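Going down the list, the protein sequences come from chains X and Y. Just so you know, we're using my numbering here: the first sequence kicks off at 13 and counts up by one. Just so you know, we're using my numbering here: the second sequence kicks off at 327 and counts up by one.
Don't read these hints as lab results, they were simulated from the structure. Keep in mind the model is a prediction, meaning the values are calculated, not measured. All C-beta atoms in this analysis are idealised placements derived from N, C-alpha and C, irrespective of residue type, glycine included. You may find that some hints are simply not true.
Claimed, not checked - Simulated DEER-style distance windows between Cβ atoms:
#	chain 1	residue 1	chain 2	residue 2	range
1	Y	Ile332	X	Lys322	37 to 43 Å
2	Y	Pro377	X	Arg276	52 to 58 Å
3	Y	Pro336	X	Lys322	31 to 37 Å
4	Y	Pro377	X	His273	51 to 57 Å
5	Y	Ile332	X	Arg276	41 to 47 Å
6	Y	Met480	X	Ser319	23 to 29 Å
7	X	Asn401	Y	Met480	54 to 60 Å
8	Y	Glu439	X	Gly325	46 to 52 Å
9	Y	Asn349	X	His273	41 to 47 Å
10	Y	Met480	X	Gly173	56 to 62 Å
11	X	His273	Y	Lys374	43 to 49 Å
12	Y	Gly461	X	Gly325	29 to 35 Å
13	Y	Lys428	X	Arg276	56 to 62 Å
14	Y	Lys374	X	Asp387	35 to 41 Å
Stated by the list, open to error - Away from chain X, derived, C-beta distances all over 12 Å, residues of chain Y:
#	residue
15	Val393
16	Ala399
17	Arg422
18	Leu427
19	Pro438
20	Arg492
21	Ala494
Below are the chains, spelled out letter by letter.
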Amino acid sequence: MNHNRQVAGNIASIKADVEASTTQADLVEVIRAVENHPGPLDYNDRPMRLLQWGLIALSAICLAIAFIEGFLYGSVESEVFYRVQQLIYFAFSFSSFWIPPLIAFFIALRLEERGLHLPLPAAPARIAAITVLGGLLALVPMWHHIYWMLLSGTATLVTNGGSRSPVVGFAICALVASSAIWTSLRKRRNWRKPVSKRIYLLDSLFNNDLKPVATKGRIETLLDTFREFDRGNHTRELKALYRGQYRGDEHSFDYELYHFHYVRQRTVTTTDSQGNTSTRTVYDHYYRHGLLLDFPFASGIGLSADSGLKFKGERYRSASNTFNRLFDVRAEDEMSAARFLSPAILELLSGLGKSLKDAVLEISAEGRLCLAFDDDDLLSQKPQHDLNNPAAFVEEIAGHTELVKLKQLLDALHGIMRLSDNNFRARPQTKEVTHD
Amino acid sequence: MIESLILLLPLLVLLILVITIYNGIIGKHNAVDRAWASVLTQERQKNKIIPHVEQMVEQYRMHEASVLKEVTALRSAISDLGNGVDTAKLAQAEQRTTALLKGLQVAVEAYPELKASETYSQVMAEISEQQEQVGAAIRIFNRNVEDFNNAIQMFPGSLVNGLLCRKARIDSFSDSEARGGFDYSPNL
Numbered sequence: 013m014n015h016n017r018q019v020a021g022n023i024a025s026i027k028a029d030v031e032a033s034t035t036q037a038d039l040v041e042v043i044r045a046v047e048n049h050p051g052p053l054d055y056n057d058r059p060m061r062l063l064q065w066g067l068i069a070l071s072a073i074c075l076a077i078a079f080i081e082g083f084l085y086g087s088v089e090s091e092v093f094y095r096v097q098q099l100i101y102f103a104f105s106f107s108s109f110w111i112p113p114l115i116a117f118f119i120a121l122r123l124e125e126r127g128l129h130l131p132l133p134a135a136p137a138r139i140a141a142i143t144v145l146g147g148l149l150a151l152v153p154m155w156h157h158i159y160w161m162l163l164s165g166t167a168t169l170v171t172n173g174g175s176r177s178p179v180v181g182f183a184i185c186a187l188v189a190s191s192a193i194w195t196s197l198r199k200r201r202n203w204r205k206p207v208s209k210r211i212y213l214l215d216s217l218f219n220n221d222l223k224p225v226a227t228k229g230r231i232e233t234l235l236d237t238f239r240e241f242d243r244g245n246h247t248r249e250l251k252a253l254y255r256g257q258y259r260g261d262e263h264s265f266d267y268e269l270y271h272f273h274y275v276r277q278r279t280v281t282t283t284d285s286q287g288n289t290s291t292r293t294v295y296d297h298y299y300r301h302g303l304l305l306d307f308p309f310a311s312g313i314g315l316s317a318d319s320g321l322k323f324k325g326e327r328y329r330s331a332s333n334t335f336n337r338l339f340d341v342r343a344e345d346e347m348s349a350a351r352f353l354s355p356a357i358l359e360l361l362s363g364l365g366k367s368l369k370d371a372v373l374e375i376s377a378e379g380r381l382c383l384a385f386d387d388d389d390l391l392s393q394k395p396q397h398d399l400n401n402p403a404a405f406v407e408e409i410a411g412h413t414e415l416v417k418l419k420q421l422l423d424a425l426h427g428i429m430r431l432s433d434n435n436f437r438a439r440p441q442t443k444e445v446t447h448d
Numbered sequence: 327m328i329e330s331l332i333l334l335l336p337l338l339v340l341l342i343l344v345i346t347i348y349n350g351i352i353g354k355h356n357a358v359d360r361a362w363a364s365v366l367t368q369e370r371q372k373n374k375i376i377p378h379v380e381q382m383v384e385q386y387r388m389h390e391a392s393v394l395k396e397v398t399a400l401r402s403a404i405s406d407l408g409n410g411v412d413t414a415k416l417a418q419a420e421q422r423t424t425a426l427l428k429g430l431q432v433a434v435e436a437y438p439e440l441k442a443s444e445t446y447s448q449v450m451a452e453i454s455e456q457q458e459q460v461g462a463a464i465r466i467f468n469r470n471v472e473d474f475n476n477a478i479q480m481f482p483g484s485l486v487n488g489l490l491c492r493k494a495r496i497d498s499f500s501d502s503e504a505r506g507g508f509d510y511s512p513n514l
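Full structure from sequences and hints, please.
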């Protein structure tokens, strides 16, 4: 208990150090600190593992008994089998009494670990108190009725009416609980992986001069500016927003990299074999990624390679068959689309359309550009090493992690700017990002 | 009645197929025409540079007559471009642009002040971008030509073209000067 509390504290402190890092050197220092950490950094989950295997064993025995009872009744002549069966049934018939304190006991262990405990001086006393409190549930008469109903209901539901035996229901519940415990233990054992991923992401952000930006209130203004954000009918939110700066040969510009999440709500009606109809609401989650920047060289144009998004306005077809197959182009007037979509830009956009999934390029009437797509690999490059091998991980983090795909997209956008500007006019200076 | 419908159905499907292929060929032919018009538009955009080059020559009192000669030759090559597909005239205009670019680069060596000036960098950036635009327009034209040629030469397009459209194969654009640099030429 004490050990696990120390581990939880140490991990929380490492995570806090990671979040407090502002440079690559800080991250390297955190990894070195993990490498030389006096510990403990690994949980001792023996009681939970014992519970997990106990539940699996109990589930297997219950299922075996139910199977023998159902299919081989009378043909088994072993005395041992009937003795075991009697013993299991005895224990099982009182399960509504011992299950609540057992669950309360393990909850108490977890609470101790997290430092959330009753105002009692000693840990064993606190655990015993919570266990007894859990046991008090058995004194509520209604509880036993609900418990047996739940077990029978689970058996009926899972076997599709094939069995209503509480033994089967108990076996199923024990299996589900053991797999939940297994998942939770696995997550605790592998805590280094998500922390390593976070370190790698922060390193990529530092290396590419990307800084997180507050997302509060931005989605409403983006929705007013770009049709791209008018998706879904339930939730729309910016999961992440980063700001960076691109320095090109001819133009330098600020840009924002976003991760957009939207939800589509729909109602599904199903009819069963007896002709009864039921409706339920389904929520489909979708994610889009993209770049936002100022683009003072064109306005009011929308290019969509996503069949789910149609722009309004006059339709324009370019001279390139390849481009026309990829994008549907709409503009406030055909001339502005014709002026913007010069041959070299058509080639650049055709390249983008082929390399990105469901790409959309939108230039608002106010001269803001949004390049959006389904691809989620702009920031999610996979590290070669992690905190399980701190020495190799330090070496990897200390190097320069370039976001290759992001750079390619920014180069393409710079190319579009270079080809759209007027060479004989004074070039616009680098602009600060204006909030939409 | 049902038998007649069963007989008519394949004929109807065939008719729709022929109409689709016919329209596809005509559409692709028109796309080639439009892509060529785009090439000519980009080539004519070079007229935009000429006044700037002339202004530059005047402003810096450049004595190299060759630059002005190249400017005149380019202007004449651009005005010679017709509306039809004439790859030879386009190649000539392209050669004139390259000659002007080279002439400017040589002449400017004698005028370090001009070389460092914004006007010079603007003109050079514009010429380079226009060359890029013409190159892209030609590549788009060649891809559309490929689309069209495939449509009339591949079965069943070849059958529909032979019977109804009777369109001839179009040659893609190739630069004779660039081609002259290779010993190899594909036996197409």
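For each hint, the structure was consulted:
For Ile332(Y) and Lys322(X), the Cβ-Cβ distance of about 40 Å falls inside the hinted range of 37 to 43 Å, so the restraint holds. For Pro377(Y) and Arg276(X), the Cβ-Cβ distance of about 56 Å falls inside the hinted range of 52 to 58 Å, so the restraint holds. The hinted window of 31 to 37 Å between Pro336(Y) and Lys322(X) holds, with their beta carbons roughly 36 Å apart. Judged by the Cβ atoms, the range 51 to 57 Å given for Pro377(Y) and His273(X) holds: they are separated by roughly 53 Å.
At about 44 Å, the CB distance of Ile332(Y) to Arg276(X) agrees with the hint of 41 to 47 Å. Taken as a hint, the range 23 to 29 Å holds for the pair Met480(Y) and Ser319(X), whose Cβ atoms sit roughly 27 Å apart. Checked against the hint of 54 to 60 Å, the pair Asn401(X) and Met480(Y) passes, with Cβ atoms roughly 56 Å apart. Separated by about 48 Å at the C-beta atoms, Glu439(Y) and Gly325(X) satisfy the suggested range of 46 to 52 Å.
At roughly 43 Å, the beta carbons of Asn349(Y) and His273(X) sit within the given window of 41 to 47 Å. As the Cβ distance of Met480(Y) to Gly173(X) is approximately 59 Å, the hint placing it in 56 to 62 Å holds. Between His273(X) and Lys374(Y) the beta carbons are some 46 Å apart, a value that agrees with the proposed interval 43 to 49 Å. Range check, Gly461(Y) to Gly325(X): about 30 Å between beta-carbon atoms, so the 29 to 35 Å window is met.
Here the CB-CB span from Lys428(Y) to Arg276(X) is close to 59 Å, well matched to the stated 56 to 62 Å. For the pair Lys374(Y) and Asp387(X), the beta carbons lie near 38 Å from each other, so the given range of 35 to 41 Å is met. The Cβ of Val393(Y) lies farther than 12 Å from every Cβ of chain X, with a closest approach of about 19 Å, so its non-interface assignment holds. Non-interface call for Ala399(Y) relative to chain X: holds, since the shortest CB-CB distance, roughly 23 Å, exceeds 12 Å.
Separation of Arg422(Y) from chain X is adequate, the least Cβ-Cβ distance of about 20 Å exceeding the 12 Å criterion. Non-interface call for Leu427(Y) relative to chain X: holds, since the shortest CB-CB distance, roughly 15 Å, exceeds 12 Å. With a cut of 12 Å on Cβ distances, Pro438(Y) stays outside the contact zone with chain X, its closest approach being about 22 Å. Every C-beta of chain X lies more than 12 Å from that of Arg492(Y), the closest at about 22 Å, which supports listing it as non-interface.
Listed as outside the interface, Ala494(Y) is consistent with that label: its C-beta sits roughly 19 Å from the nearest C-beta of chain X, beyond the 12 Å cut-off.
Comparing the model with each earlier hint shows no violations; every hint is respected.
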